[in-house]
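**Q** Just need the whole structure built from these sequences, with the hints factored in.
Per numbering that gives the first Met the number 0, the very first residue in the sequence shown carries number 0; after that it's consecutive.
In short, the hints are calculated from the structure, not lab data.
Where is the CB? At the ideal position from N, CA and C, for every residue including glycine.
Don't take every hint at face value.
[Stated by the list, open to error] Below, computed lysine to aspartate or glutamate pairings styled on DMTMM-like, alpha-carbon distance capped at 20 Å:
| no. | residue 1 | residue 2 |
| --- | --- | --- |
| 1 | Lys-594 | Asp-577 |
| 2 | Lys-497 | Glu-178 |
| 3 | Lys-555 | Asp-46 |
| 4 | Lys-118 | Asp-2 |
| 5 | Lys-14 | Asp-2 |
| 6 | Lys-236 | Asp-398 |
| 7 | Lys-608 | Asp-571 |
| 8 | Lys-617 | Glu-663 |
| 9 | Lys-200 | Glu-438 |
| 10 | Lys-197 | Glu-444 |
| 11 | Lys-669 | Asp-652 |
| 12 | Lys-588 | Asp-577 |
| 13 | Lys-669 | Asp-683 |
| 14 | Lys-685 | Glu-663 |
| 15 | Lys-594 | Asp-571 |
| 16 | Lys-449 | Glu-193 |
[To be verified] Computed Cβ-Cβ distance ranges for the label pairs, DEER-style:
| no. | residue 1 | residue 2 | range |
| --- | --- | --- | --- |
| 17 | Asp-622 | Ser-191 | 46 to 54 Å |
| 18 | Leu-494 | Trp-154 | 23 to 31 Å |
| 19 | Pro-186 | Lys-623 | 40 to 48 Å |
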Amino acid sequence: MSDYLVIVESPAKAKTIERYLGKKYKVRASMGHIRDLPKSQMGVDTDNQYNPKYITIRGKGPVLKELKTAAKKAKKIYLAADPDREGEAIAWHLAHSLDLDISSDCRVVFNEITKDAIKESFKHPRPINMDLVDAQQARRILDRLVGYNISPLLWKKVKKGLSAGRVQSVALRLIIDRENEIKSFTPEEYWSIEAEFKKGKSNFSASFYGLNGKKVELKSEQEVKDILAKVNGDKFKIEKVTKKERKRNSAPPFTTSSLQQEAARKLNFRAKKTMMLAQQLYEGIDIGKQGTVGLITYMRTDSTRVSDVAQKEANEYIVDKYGNEYTQSAERKDKKKQGAQDAHEAIRPTSTLRDPASMKEFLSRDQLRLYKLIWERFVASQMAPAIMDTMSVDLVNGDVNFRANGSKVKFKGFMKVYIEGTDDQKEEKDNLLPALSEEDEVTSELIDPKQHFTQPPPRYTEARLVRTLEELGIGRPSTYAPTLDTIQRRGYVTLDNKRFIPTELGEIKLQLVREFFPEIIDVEFTVNMERNLDAIEDGKVQWVQIIDEFYRDFEKHLEKAENEMEKVEIRDEPAGEDCEECGHEMVYKMGRYGKFMACSNFPDCRNTKPIVKEIGVKCPKCDKGNIIERKSKKRRIFYGCDQYPNCDFLSWDKPIERKCPKCEQLLVEKKLKKGVQVQCTNCDYKEEPQK
0 MSDYLVIVES PAKAKTIERY LGKKYKVRAS MGHIRDLPKS QMGVDTDNQY
50 NPKYITIRGK GPVLKELKTA AKKAKKIYLA ADPDREGEAI AWHLAHSLDL
100 DISSDCRVVF NEITKDAIKE SFKHPRPINM DLVDAQQARR ILDRLVGYNI
150 SPLLWKKVKK GLSAGRVQSV ALRLIIDREN EIKSFTPEEY WSIEAEFKKG
200 KSNFSASFYG LNGKKVELKS EQEVKDILAK VNGDKFKIEK VTKKERKRNS
250 APPFTTSSLQ QEAARKLNFR AKKTMMLAQQ LYEGIDIGKQ GTVGLITYMR
300 TDSTRVSDVA QKEANEYIVD KYGNEYTQSA ERKDKKKQGA QDAHEAIRPT
350 STLRDPASMK EFLSRDQLRL YKLIWERFVA SQMAPAIMDT MSVDLVNGDV
400 NFRANGSKVK FKGFMKVYIE GTDDQKEEKD NLLPALSEED EVTSELIDPK
450 QHFTQPPPRY TEARLVRTLE ELGIGRPSTY APTLDTIQRR GYVTLDNKRF
500 IPTELGEIKL QLVREFFPEI IDVEFTVNME RNLDAIEDGK VQWVQIIDEF
550 YRDFEKHLEK AENEMEKVEI RDEPAGEDCE ECGHEMVYKM GRYGKFMACS
600 NFPDCRNTKP IVKEIGVKCP KCDKGNIIER KSKKRRIFYG CDQYPNCDFL
650 SWDKPIERKC PKCEQLLVEK KLKKGVQVQC TNCDYKEEPQ K
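**A** Structure, rendered in structure tokens:
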């Protein structure tokens, strides 16, 4: 008989924790939730205080039986699910299934899976927090009332398999509203004037600023001509030189949202993949002699707070590695975001001393890349600001003003370790200006006016959408990745060049929800609902009251929709060719992996085929087939011969029609960070990258 039984969610977590607790403890995994609302019915009694009907999840019977057997042999049972609402609810369901007293000290929580953190947490067990449970229960019931009422209606009126969750509907609305902005966008003309100047042997560039010291926006070619007509000769006088020292602070440690955004920018990871890898790093990795250790803190958090112990260790590491001047002179205080629960620390390494280089042999390539990102971000957040020397120079010729801006890194500070990414991938670089003084005279070598047009707002990437949802206060750290995954799996959006594009199905679904259930896609309503869930967690309001206030109005909308929503027929788009098996017309269908062609005579004919996109290049290997664009199972584009399997030519880079001028072999377009470069597949021939 073991003295103590500890129940966690996952086997990996169980394995790590059991090592730390010793022989008296047996650690078992519940494999997530044990109980949930039934899939086959609503499971919520709207006539009886919205009482939920929980059942044992199908397939969890053997797991529950094993846990009950282990519980009977234990003197004391601890429930150690994740330290959030979901984890609290899992613990509550386990307590119910195992007949535990929820008011007893049976709940243990920890923010990191390390020996010290685990041992300390078992010194402070507590009762199950029913406010946390009620907040999770309210979200679950709310989503069930919405999903199990609207979804069948959409199945009946539009197409089977549709869903209308709260957060996913708002995310879809943001994507479609952005698409409509792009379609209705009218470009506006504007101009810039760039100039190259020479001082002695040094050259530098400057841009047109204005007239008589006042900034002027150039809207037309005629305005540019009028400006250039005012320039008298090629001599410009330095009217003003401004030198400043500017501090640049590091980004704070990661929250769930900022981790997903940065992993998308720097590692090209989808939100779902980022969270999967972070879960592995949190639950524990075997690192040789030290055994299995959790390498990062809990990865579902909206806080940038860091413990004193972690700050002290990081500070000692920074002093030892880089020197005293690289440490922060004062404690950093990041502004708490509105609506942030701040329940856990920021995402950080459990020990700064486990640097990425020392972990390389124990981690997979992607685990290491994510761990390196988390480690560098945290260490940089504890370092001194970078110091930039900036220089602004005003040049004048008559009434015409140009301005040159330069900067130089005087002290790298945190930039020695890490620089935060941006959505346009531009990083701050040195832009040095020559030594210039007021009243100096310089010569213009080139004055180059350029026409521009304003661009529409960009489509959402995963990173941009997560950031927007967070800024609006929609959803919580645990909901971002599942939301993005759902709207893609349901076929409401597709990803093109990493950007979301709504499908016809997505637009139809949103149009119907907008017409009959406007509150579901209303941003302010969704934000207020998140605040209400937070209020339940804080014990300020009862969950039944929040659900009832919502459902009374929702029920009226539902009745109206049942009576007035018209059936929508989504016609298949003709593919422009006939089925080779039965002669009927082929049409485009939307499947799990995107569009494909299928026979319109389905189900009598089940012929399907992929959509072939030719790129106008003959196969260099067999010289019979044509190169076509294909997609791998992971949705990555590659290029192959249409005579496959007779010809196995394959290229991840796009072949082009012309041959290499040096060796007459195949040229391909290689995607680089700075654009696209044409390269030879056989020799060292390369062309200048094109943006």
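**Q** Take the hints in turn and mark each one as holding or not.
**A** Verification of the supplied hints:
1. About 17 Å separates the Cα atoms of Lys-594 and Asp-577, which keeps this hinted pair within 20 Å; it holds.
2. With a CA separation close to 15 Å, the supplied pair Lys-497 and Glu-178 stays within the 20 Å bound.
3. Taken as a hint, the Lys-555 and Asp-46 pair is honoured in the structure, with Cα atoms around 15 Å apart against an allowance of 20 Å.
4. For the proposed pair Lys-118 and Asp-2, the alpha carbon gap of about 16 Å is at most 20 Å, so the pair holds.
5. Restraint check for Lys-14 and Asp-2: the C-alpha separation of about 18 Å stays at or below 20 Å, so the hint holds.
6. For a cut-off of 20 Å, the pair hint linking Lys-236 to Asp-398 stands: about 11 Å separates their Cα positions.
7. Under the criterion of a C-alpha separation no larger than 20 Å, the hint pairing Lys-608 with Asp-571 is consistent with the structure, at around 15 Å.
8. Annotation: proposed proximity of Lys-617 to Glu-663 holds, straight-line Cα distance about 14 Å (limit 20 Å).
9. Of the supplied pair hints, the one linking Lys-200 and Glu-438 holds, its CA atoms being roughly 18 Å apart against a limit of 20 Å.
10. With a C-alpha separation of about 7 Å, the suggested pairing of Lys-197 with Glu-444 holds against the 20 Å cut-off.
11. A threshold of 20 Å between alpha carbons decides the hint, and for Lys-669 with Asp-652 the separation of about 6 Å falls inside it, so the pair holds.
12. Taken as a hint, the Lys-588 and Asp-577 pair is honoured in the structure, with Cα atoms around 15 Å apart against an allowance of 20 Å.
13. Of the supplied pair hints, the one linking Lys-669 and Asp-683 holds, its CA atoms being roughly 13 Å apart against a limit of 20 Å.
14. Between the alpha carbons of Lys-685 and Glu-663 the distance comes to roughly 13 Å, so the proposed pair stays at or under 20 Å and holds.
15. Simply put, Lys-594 and Asp-571 have alpha-carbon atoms about 11 Å apart, close enough for the 20 Å limit, and the pair holds.
16. A threshold of 20 Å between alpha carbons decides the hint, and for Lys-449 with Glu-193 the separation of about 8 Å falls inside it, so the pair holds.
17. Between Asp-622 and Ser-191 the CB atoms are about 49 Å apart, so this pair conforms to the stated range of 46 to 54 Å.
18. For Leu-494 and Trp-154, the Cβ-Cβ distance of about 25 Å falls inside the hinted range of 23 to 31 Å, so the restraint holds.
19. At about 45 Å, the beta-carbon gap between Pro-186 and Lys-623 stays in the expected band of 40 to 48 Å.
The structure fails none of the hints (numbered hints given earlier).
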